[in-house]
Amino acid sequence: MLFYAVVSPGLEKLACEELLEKFPTLSVLKKHGGLEIDCSLEQGLALNHSLKIPTRILLRVLHGKVRDLPKLYKKIKNFDWRAYLVESPDLDHIVVSAHESRLFDERKIKKTVIDAISDSFKAVQPKKVDVQRVAPFLQKSAPSVYLRFKNDELTISLDTSGERLDRRGTRTWVGLAPLRETFAHACLRALLKEVEGDFTLCDPMCGSGVFPIEALEWNQLSRARAFAYQAFPCAKDIELAADQDSPVKNVLAIESDAKTFEALSHNLPTGVQTLKANALEQAVLAKDLVMIANPPYGVRLKLDNPTAFLNHVVEKLMSYQPRALALLIPKDIKINRRYKNLLEFSNGGIAVKLVLFKS
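So the mapping is simple: this note's numbering equals the position in the sequence shown, first residue as 1, plus 421.
It should be emphasised that the hints constitute simulated quantities derived from the structure, not laboratory data.
As the structure is a prediction and not an experimental result, all values here were calculated from the model.
It is possible that part of the hints are untrue.
What the hints assert, rightly or not - Straight line, CA to CA, 27 Å or less: simulated DSSO-like cross-link-like pairs of lysine-lysine:
{"no.": "1", "residue 1": "K657", "residue 2": "K443"}
{"no.": "2", "residue 1": "K755", "residue 2": "K670"}
{"no.": "3", "residue 1": "K737", "residue 2": "K434"}
{"no.": "4", "residue 1": "K708", "residue 2": "K723"}
{"no.": "5", "residue 1": "K532", "residue 2": "K486"}
{"no.": "6", "residue 1": "K495", "residue 2": "K531"}
{"no.": "7", "residue 1": "K774", "residue 2": "K451"}
{"no.": "8", "residue 1": "K737", "residue 2": "K774"}
{"no.": "9", "residue 1": "K531", "residue 2": "K571"}
{"no.": "10", "residue 1": "K571", "residue 2": "K532"}
{"no.": "11", "residue 1": "K434", "residue 2": "K571"}
{"no.": "12", "residue 1": "K755", "residue 2": "K737"}
{"no.": "13", "residue 1": "K452", "residue 2": "K571"}
{"no.": "14", "residue 1": "K496", "residue 2": "K548"}
{"no.": "15", "residue 1": "K434", "residue 2": "K614"}
{"no.": "16", "residue 1": "K498", "residue 2": "K486"}
Could you put together the complete structure from these sequences and hints?
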């Protein structure tokens, strides 16, 4: 079967490396904005629990040339949906994108989809046992139908994830300018490729703790949330592998704000050393730490001079003589100290880069 892992542009290479590290036998094709994966149904659905960088996992179910609504209706009605759905989706669970195609009216396309699937179920009803089994899962996370038109070529996919995969279900408190878990994991992967041997990972501006959490839960499967595929009649027993150890063994989380520091206790897993201190003023830290931080950019949290502030952040943190320092900063910010560019992507509409400094 063909699955598509949606990935934020700029993170495809790291996402592909993660996939092949965890599933070395799978066939994968890297594309702009995602990974095309050829695997069994069970393997594809299990990707939701294992992969840390993709935003969601789509299952490709239909493909073909469609130029008008009657052809769209016929194609959808003739497909046997009973393996994946027990009812027609509502408007909120149909996602349409159209580029250079004769069909582009989202309202009409959605109505056609609903009518076609409804009529399909009138002709061949879903099994009662399936309807009863998936009912609780439908309330938690109903599957969405994705339609993509490109040059009159239609691809229909089913969302197997539900909520975005960065919502792991474990971080209970989120700060003012949070970094998505998917982005944090990608940054950590990029950083760890530059570091050898044992080390302590330190986030000197910890906030809600996304870097420490992602580091320690590196290979921990997502089990604390619902997924859309659980409402598929065909997805009865998905066997998941056991959790594996993280390559990061020691983590230090530093935060200066009292309320934020207190809230960290609700987020951080066991094994994280915490320190209430302002790393930009004076803190007593061991040398040779591997640091990573997502400092304020001056966009959501206002700064008078973001460039001056971020240069100050670099110089102050480098004064602790870390083995390495990785900072996520806006792409257009000029840093006076020499650095290596590890990664570029868009964070909430802001073009950012992960830059690496070494002592």
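Consistency of the hints with the structure:
no. : hint          : verdict
1   : K657 <-> K443 : holds, 23 Å
2   : K755 <-> K670 : violated, 33 Å
3   : K737 <-> K434 : violated, 32 Å
4   : K708 <-> K723 : violated, 31 Å
5   : K532 <-> K486 : holds, 19 Å
6   : K495 <-> K531 : holds, 14 Å
7   : K774 <-> K451 : holds, 21 Å
8   : K737 <-> K774 : holds, 20 Å
9   : K531 <-> K571 : holds, 17 Å
10  : K571 <-> K532 : holds, 20 Å
11  : K434 <-> K571 : holds, 24 Å
12  : K755 <-> K737 : holds, 16 Å
13  : K452 <-> K571 : holds, 16 Å
14  : K496 <-> K548 : holds, 22 Å
15  : K434 <-> K614 : holds, 13 Å
16  : K498 <-> K486 : holds, 15 Å
Checked against the numbered hints above, the structure breaks hints 2, 3 and 4 and satisfies the rest.
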